[in-house]
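Engineer: For this one, chain A is given, so just place chain B on it according to the hints.
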Amino acid sequence: MSRAYRITVKEGLTRDLQACDEICTNLEVLQILPPEQMADLLKEELEKRGFEEKDGSLTRTANGVTVRVDPASGEVSVKAELEDKVDLKAERDDWSYDDVGPGEDAIRRRLQEQIRQDLERRAGAQQSQLQNEATEKLEAQLNEVRKELSQAVNRVTAEALKKKAASLGQIKEMTEDVESGSLTITVEV
Amino acid sequence: MAEATIVQVSHFEAVLLRVARFMVGQAPAEEGLSLIRDVCPRPACLSAAAMALVRETISHGCVRWLVHAGGWRNERFLYEGTGRTGRLWERHPPESLALNFSRHSLEMLLWLTAHRPTDAFRLETVDAATVTPADRLLFLLIYQAVRDERDIAQVIRGLTGVADNALCRLLYAGEFAADGITAPVDFARWLQPDAAPILEAMQPVFESRWIEIEQAKGQQPDWMAMRRQGEAEQATLSAFLDALEQGGRRDLARFMLTAYGRLLRSPDISAQWWLSELQGSGPARLAERLEIQRLALAFLRQAERLQAWERQAREAGFFDDDYAAGKFWLGEWERWDAGTMVPRALAIVRSLEPLRPADE
Chain A
1 MSRAYRITVK
11 EGLTRDLQAC
21 DEICTNLEVL
31 QILPPEQMAD
41 LLKEELEKRG
51 FEEKDGSLTR
61 TANGVTVRVD
71 PASGEVSVKA
81 ELEDKVDLKA
91 ERDDWSYDDV
101 GPGEDAIRRR
111 LQEQIRQDLE
121 RRAGAQQSQL
131 QNEATEKLEA
141 QLNEVRKELS
151 QAVNRVTAEA
161 LKKKAASLGQ
171 IKEMTEDVES
181 GSLTITVEV
Chain B
1 MAEATIVQVS
11 HFEAVLLRVA
21 RFMVGQAPAE
31 EGLSLIRDVC
41 PRPACLSAAA
51 MALVRETISH
61 GCVRWLVHAG
71 GWRNERFLYE
81 GTGRTGRLWE
91 RHPPESLALN
101 FSRHSLEMLL
111 WLTAHRPTDA
121 FRLETVDAAT
131 VTPADRLLFL
141 LIYQAVRDER
151 DIAQVIRGLT
161 GVADNALCRL
171 LYAGEFAADG
181 ITAPVDFARW
191 LQPDAAPILE
201 AMQPVFESRW
211 IEIEQAKGQQ
221 PDWMAMRRQG
231 EAEQATLSAF
241 LDALEQGGRR
251 DLARFMLTAY
261 GRLLRSPDIS
271 AQWWLSELQG
281 SGPARLAERL
291 EIQRLALAFL
301 RQAERLQAWE
311 RQAREAGFFD
321 DDYAAGKFWL
331 GEWERWDAGT
341 MVPRALAIVR
351 SLEPLRPADE
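Sequences listed follow chains A and B, in order. Using the working numbering, the letters of the first sequence map in sequence onto residues 1 to 189. Using the working numbering, the letters of the second sequence map in sequence onto residues 1 to 360.
If we strip away everything but chain A, and leave its shape as in the complex, we get (with noise of 0.2 Å):
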């Protein structure tokens, strides 16, 4: 009389998983000095903020979000980067009339590749969501850089206005209303 047996296969799956989203665009400064001294002002004012010089460019990271800033071209980059780890494991088991031989070996193979895309569809659901978390990161930052950023740019093209200015003549008077933004130079030429 056959008998039937129980075959059992595990596996297991350990992932690194890496996510990261960015936008790259580029600050409208306005060309009121030479490009260097306008390029000076953008680094002095973004070094006041907490940005940190690397490799000619700006950085500043905060709450998992890098914002890199070309003080020369006047390129942005914005960036949120997730990592994770995931260790799934997964069983299956079917049953044979035979413990050993060929018909074993094929239920075994067949159980194995099962848990292996099942366990890669895990996987890859764990890294459609760390991606979900990064871009949403991105975006909860967004508003947040694009405000500081306008207001970096604002002092600059102020500060370069006062600099002209006294290139042309004796500032008589100058208000500056750093709320509003407005600022009025009088300039006796």
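Because the hints were derived from the structure by calculation, they are not lab data. A hint or two may mislead.
As the list claims (entries may be wrong) - Computed, partial: chain B to chain A, Cβ under 8 Å: (1) A287; (2) P343; (3) E353.
To be verified - Pairwise CB distance ranges, derived in the manner of DEER restraints: (4) B:S102 x A:A125: 26 to 32 Å; (5) A:L88 x B:P343: 51 to 57 Å; (6) A:G56 x B:E95: 55 to 61 Å; (7) B:G158 x A:P34: 49 to 55 Å; (8) B:P267 x A:E139: 28 to 34 Å; (9) B:Y323 x A:A166: 54 to 60 Å; (10) B:G158 x A:L88: 42 to 48 Å; (11) A:A166 x B:L330: 34 to 40 Å; (12) A:A72 x B:P343: 22 to 28 Å; (13) B:R37 x A:Q112: 52 to 58 Å; (14) A:T61 x B:S351: 44 to 50 Å; (15) A:G56 x B:N74: 52 to 58 Å; (16) A:E136 x B:Y323: 20 to 26 Å; (17) A:T59 x B:G158: 44 to 50 Å.
Yeah, the Cβ is synthetic: ideal placement off N, Cα and C, and Gly gets one too.
Structural biologist: Just chain B, lined up with the frame of chain A:
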């Protein structure tokens, strides 16, 4: 009064002539398309009378098409660096308006007559060294005639002489990109005296077509299709403007100024007009979504180049070689209110930037 001479042609030659008339818009579409979808065995040779009639049909047909397209208009274009006004045949000497067709035109018509385009028999490769601007104009008209028949149009798009045809690619960049046809085209050839008049006459065609393209983008729900189309348009328009700049024929970009004028008439128009139908949240990454949105505005993005031309023209001194051409461009700029429309186009392009100034 002399009697009209009746020319006798064979059955194949009669079908060939009807196909030729259809291609230049002189026969109904229903008749023409049914002839193309049919097979008519090709004879060993054609009679001299038939050849003359084919030549006459495509010559007269293309001339008629160009005149209707815009050649009849009393317009201003650059001629040898200075402005010249008049209808197409008043601005150019007759010899530069002659349409010279090579054997490639006849071979194309013979193939369309003898075979079904969707059958396996393929037309021989067109030799880029011998194909003429007149041939390429005829190939454009052929593509336009069959464009609504998707299976035939796809085959025609893949033919040499059509795939690398600057006129076809400038008008239908997205359709060619959908078939993976994105290799660069040579626009510089079209600035030579035997071809530039064709671009001049076609300005209203370019304007209408680009307005149609931009309006259709508002109905495009597929992000990947928008990406393919935008990439193709960016590459094609960029190459076109490069050629015009190097060839001293910035006036041939006039259709872009007139198209901006019609598209951007309302000051309230926004990027949403182009992007509203892109379904769902699109690709997972914000980087990819932003890139596709930028590509969707490929036509508007060219405004930056046109604005640079305007600045250069204003800065040109009257000793500069291109002073007259620069003044001509400024005249066009004012004539089509580009001082209003171009900034409006650029504002729409900038509105997509996630780090635009906070007060915008």
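Engineer: 52 to 58 Å was suggested as the range; check whether the CB atoms of G56 (chain A) and N74 (chain B) agree with it.
Structural biologist: 56 Å, holds
Engineer: Given a hint of 28 to 34 Å, does the C-beta separation of P267 (chain B) and E139 (chain A) actually sit inside it?
Structural biologist: Roughly 29 Å apart at Cβ, these two residues keep to the hinted range, so it holds.
Engineer: Kindly confirm whether 20 to 26 Å is satisfied by the beta carbon distance between E136 (chain A) and Y323 (chain B).
Structural biologist: With a Cβ separation near 55 Å, E136 (chain A) and Y323 (chain B) fall outside 20 to 26 Å, so the hint is violated.
Engineer: Holds or violated: 52 to 58 Å for the Cβ distance of R37 (chain B) and Q112 (chain A)?
Structural biologist: Holds: the Cβ-Cβ distance is about 54 Å, inside 52 to 58 Å.
Engineer: Restraint: E353 (chain B) near chain A, CB-CB cut 8 Å. Satisfied or not?
Structural biologist: 5 Å, holds
Engineer: Is the hinted range of 55 to 61 Å satisfied by the C-beta distance from G56 (chain A) to E95 (chain B)?
Structural biologist: 58 Å, holds
Engineer: If I claimed the Cβ atoms of A72 (chain A) and P343 (chain B) lie 22 to 28 Å apart, would that claim hold in this structure?
Structural biologist: The hint (22 to 28 Å, Cβ to Cβ) holds, given that A72 (chain A) and P343 (chain B) are roughly 27 Å apart.
Engineer: Against the range 44 to 50 Å, how does the distance between the Cβ atoms of T59 (chain A) and G158 (chain B) compare: consistent or not?
Structural biologist: With Cβ atoms ~48 Å apart, the hint holds.
Engineer: Should the hint that Y323 (chain B) and A166 (chain A) are 54 to 60 Å apart at their CB atoms be regarded as holding?
Structural biologist: With a Cβ separation near 37 Å, Y323 (chain B) and A166 (chain A) fall outside 54 to 60 Å, so the hint is violated.
Engineer: In this structure, is the beta-carbon distance linking T61 (chain A) and S351 (chain B) contained in 44 to 50 Å?
Structural biologist: Since T61 (chain A) and S351 (chain B) have Cβ atoms about 28 Å apart, the given range 44 to 50 Å is violated.
Engineer: Taking the beta carbons of S102 (chain B) and A125 (chain A), is their distance inside 26 to 32 Å?
Structural biologist: For S102 (chain B) and A125 (chain A) the Cβ distance comes to about 59 Å; the hint is violated.
Engineer: Mind checking the hinted window 49 to 55 Å against the Cβ distance between G158 (chain B) and P34 (chain A)?
Structural biologist: 53 Å, holds
Consistency note: the structure conflicts with the earlier hints numbered 2, 4, 9, 14, 16.
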